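Please dock the two separately framed chains into a single complex, following the hints provided.
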Amino acid sequence: MEVFSQFIQLFFSGLTIGSIYALIAIGFVVTYNVTGVLNFAQGEFAMLGALTAISLSGAGLPLWAAISLAIAIVVLIGALFEKTAIYPARHSSGATLIIITIGVSFVFRGLAIFIWGTQPKSLRPFTANDPITIFQAVLLPQNLWAIAISLVGVFSMGYFFNKTYIGKAVSACVVNKFAARLMGIHPEKMSLIAISISAGLGALAGIVIAPISGASYNMGMMLGMKAFVAAVIGGLTNAPAAVVGAFLLGILESFAEGFWSAGLKDAISFALLLMMLFVKPNGLFAKATGKRV
Amino acid sequence: MLAVNNLHVYHGYLHVVKGISFQIQKGELLAIVGANGAGKSTLLGTLAGVYKAAEGTIELEGEDITPATMQTLVKKGICLVPERRQIFDSLSVKDNLLLGAYHRYRRDKKEIPRDVEQVLELFPRLKQMLDRPGGLLSGGEQQMLAIARGLMAKPKLIMLDEPSLGLAPLIVKDIMTILRKMCDELETTIILVEQNVKAALKVADRACVLSHGQISISGTAQELMNNETVQAAYFGKKQSNLVRESIS
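Those protein sequences? They're chains D and V, same order as listed. Once you know that position 287 of the first sequence is 287 in UniProt numbering, the rest is easy, because the numbers rise by one and skip nothing. Once you know that position 107 of the second sequence is 107 in UniProt numbering, the rest is easy, because the numbers rise by one and skip nothing.
Pulled out of the complex, with its shape left as it was, chain V reads as follows (with noise of 0.2 angstroms):
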């Protein structure tokens, strides 16, 4: 569904991202883990048309899509939650979700309340705070109404960055939780980026370990759970040196 290759991303004369190459197919879940500063998240603002490609392809359902800017790919059918939620604080819930669909409220203005509807049956906490503004929101819920307002947008492809980021574990298991379903049962393609590996690997299908913009580690997420060196430097299991230097 989508192909990236070769592709190379630099912030100014920083070289972040290094020639990363990977697939992925419909209704797939793939978790991108590493440090902080690995890249993880340019890459994804690279695929979100945040960040230009210096070099390399992204290619969608086989349609090239790499110098395409942020507002035509969410047309497209990519859609990125970005780092820290980004909701509209002062908006409500409600139109926080709408704003959602906004690339499609004309062609499919009778099909928006019902959608909506659709989304809070994954997010049946956040159906009792409609009218509140999305800056009263707890982390946990702003997280879901970040994921809703993503899915609002009927992507084929939607990219999480860093969900996790400040939630208490039993409210990142619950996202993760729906995560999963939005895979199963509604056959959305997933990209997640987390530095909460262990809550990742659950999740996912497949996994790549992101380490100084390359991809040192990949393969399906159980396959990473068993993987020594993923082990070591992520759930605090013994290390040789070694392992610990080609990781970080």
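Next up, chain D with everything else stripped away, as it sits in the complex (with noise of 0.2 angstroms):
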């Protein structure tokens, strides 16, 4: 019974941190559609989101307000990357757009020091968080909230690209920008939508996880990092199949930092990267969907 109660442990465990995963990776397969960018700075929207919130919050807003306004703040600093970044090198080699979000994720983190310092923040979870036992696992609220917040992200931008003029309209420049430009869309203001999302996307899981784990200049590299594994294990260009990778691979480091170690957890996210590039470059889906990286 106790290795099934720990077994029911990591499994929720790994939901949460798959759940964050999640929504940093349907920003970065979005972003990737529309503009063809690999945007390393897709980690630090999260950051910045929860680093914002936890100002806000620190400045006697309530809560709610704290969190929607910083996402608002992070959707408009997506937005000005993208115009200021993203938009003059569209014609750029790919090689060129990744080191310029790399470059702009050193910027992020420097700010980020500069206004908030070295020291990890915590943000006071969503309501009390009171633990819940489920088959003798002990569960936080905040994890529950985590992994519905996550599940609603990826169902509303289900709804938003399948059933919204705009959402289509950002598909259709996915799938034949030359075509979606003769039905009188501009890529450009997809790409902008596209990024603000993706930024919006990032700044929400952040602020998620912050009362779980706290919140630091340095946290959106990693996140970022195991977003992008997710999202290649997914294809690089389908959102659903990122979701589902990216909860396995909440999963699977949750069930190795405790069967194993915490230290093995990076190195198996990272292995298990060069296994699907090496493997299946295409992504694990990529049979069923028809979608190529």
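Honestly, the hints are just simulated from the structure, not real lab data. Just so it is clear, the structure is predicted and the values come from calculations on it, not from any experiment. A virtual CB, placed ideally from N, CA and C, is assigned to each residue, including glycine. Do not take every clue at face value.
BS3-like cross-link-like pairs, simulated, lysine-lysine; straight-line CA separation at most 25 angstroms [to be verified]:
#, chain 1, residue 1, chain 2, residue 2
1, V, Lys156, V, Lys109
2, D, Lys189, V, Lys109
3, D, Lys163, V, Lys156
Facing chain D, a subset of chain V residues (Cβ under 8 angstroms, in silico) [as the list claims (entries may be wrong)]:
#, residue
4, Lys18
5, Gly56
6, Pro82
7, Phe88
8, Leu98
9, Tyr102
10, His103
11, Tyr105
Beta-carbon label-pair distances, calculated as ranges [as the list claims (entries may be wrong)]:
#, chain 1, residue 1, chain 2, residue 2, range
12, V, Leu186, D, His91, 32 to 42 angstroms
13, D, Ile166, V, Glu117, 19 to 29 angstroms
14, V, Gln128, D, Ile115, 51 to 61 angstroms
Quick look at the structure:
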């Protein structure tokens, strides 16, 4: 029974961290699909969201207002990032664009040290954080918040891309930019929308994880890298597959940490990335979806 | 309705369209035919804003639209159905149709579902496959979808680039019949670029032959049908070498 409860405990921990990866991974996929850019600054949006929400909450704003405002601010930062860093270099090579995003991530981190310092900070949980026991596994409500918000985020994105006109226009740019232009769609505007949405999703991820593991200037890099692994597992162009990849990665990490060693967690993630790139470069679900990296 | 005056277009150093001028009236179907590399697709692309004109003017209902972008031209009522369809193959047939009306979705939100129904009256075959991804349609169905998507923009002028390419003769006949119907019943103005000269001339009101970037012959479709040079070049009738050279 003890092994079973440990299993449940680790499974929920995996789902929690997986849900954070999922939100950031969707941002990766959306940005890559629309702009062709692998945005390695994606994880920094999580850091900016978390730290901004902590500051706003600390300034006396109600938690919901601090969270909403923090997401709005990061969406604006995302839009600014697109206008000043991605749009002017839109005709550059993929390698150049990747270097730009890495450069921007350093800028974000530097600004974060300047504004918030190097000490980790914490956001209070969204609701009372009394532990809940399920099959002798102890869960915090914030974990459930993380999973629920992530699922809402995933379904909202599904709704946006499949049911709204603007979402369909963004999808059209992904499928065929030339034809989209012929329909009167501006791919440049769609790029701005896609990166702003991705920034918002990143901010949400950071805010959700902040009450669980805290927030600091350097949290974005590792979150971004893990989300990238999840996106690669999903084939980089397929958002639902990236979400599955994120949950798989989260659960795998959690079990590795629980049954072996915390130090092995990151090694396993990046070993998985290498294995995917060697064995299934088109993504784990490429056969089923026909999508290719 | 549309007046093209002394249009010149270059691809790099290559002078592709060399001083073309023509006019088209509302509800008219103009066929532009010619050999590969004659400049037909470049001409259509320029009218749709894909390529920039180096010289000359394009006027739509008296307004100079020469420097306009693709997106602006769609709003002004010019729609291009490009070569090889270019449909959104992972999106459903319905989404493809809805995206055709993108430029007016804010203004005509309520009208668009009704317009989908109207367009589907012209293409009943698409009715059965509204939820199917465009990429899973046959070539003929994809062509119908591309034209239907173009009509969703409610264009004043729709331009089709090689709609018969790679399609079976019966499907080509269906598509040409629909084009004629669009002119007669909806008063749509059409420019049809085709290599299937016989099919194009059968439905066109007027036609011109493009050769080396210039209009070499023009007239009513019937006149071109009876033109010895056209017959020699496209209908396989016996011709002198001189005629063959003049058209190639």
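Cross-check of the supplied hints:
Restraint check for Lys156(V) and Lys109(V): the C-alpha separation of about 20 angstroms stays at or below 25 angstroms, so the hint holds. At most 25 angstroms may separate the alpha-carbon atoms for a hinted pair to count; Lys189(D) and Lys109(V) meet this at roughly 20 angstroms. Proximity of Lys163(D) to Lys156(V) is assessed by CA-CA distance (about 29 angstroms); at most 25 angstroms being required, the pair is judged violated. For Lys18(V), the suggested interface contact is broken, since its CB lies about 25 angstroms from the closest CB of chain D, more than 8 angstroms.
Among the interface hints, the one on Gly56(V) is violated; its C-beta lies about 22 angstroms from the nearest C-beta in chain D, farther than the 8 angstroms criterion. The restraint placing Pro82(V) at the interface with chain D holds, with a minimum CB-CB distance near 7 angstroms, inside the 8 angstroms limit. The interface hint given for Phe88(V) is met, as the beta carbon of that residue sits about 4 angstroms from the closest beta carbon of chain D, less than 8 angstroms. Taking 8 angstroms as the C-beta contact cut-off toward chain D, the hint placing Leu98(V) at the interface holds, the least distance being around 7 angstroms.
Against a cut-off of 8 angstroms between C-beta atoms, the interface hint on Tyr102(V) holds, since the closest Cβ of chain D lies about 5 angstroms away. A cut of 8 angstroms between beta carbons decides the hint on His103(V): the least distance to chain D is about 3 angstroms, and the hint holds. With a least beta-carbon distance of about 5 angstroms to chain D, the hint placing Tyr105(V) at the interface is held under the 8 angstroms criterion. Leu186(V) and His91(D) have their C-beta atoms about 40 angstroms apart, which keeps the hinted 32 to 42 angstroms range intact.
Between Ile166(D) and Glu117(V) the Cβ separation comes to about 23 angstroms, which falls inside the hinted range of 19 to 29 angstroms. One distance hint, 51 to 61 angstroms for the beta-carbon pair Gln128(V) and Ile115(D), holds here, with the actual separation near 59 angstroms.
Figure legend: structure checked against the earlier numbered hints; hints not met, in rising order: 3, 4 and 5.
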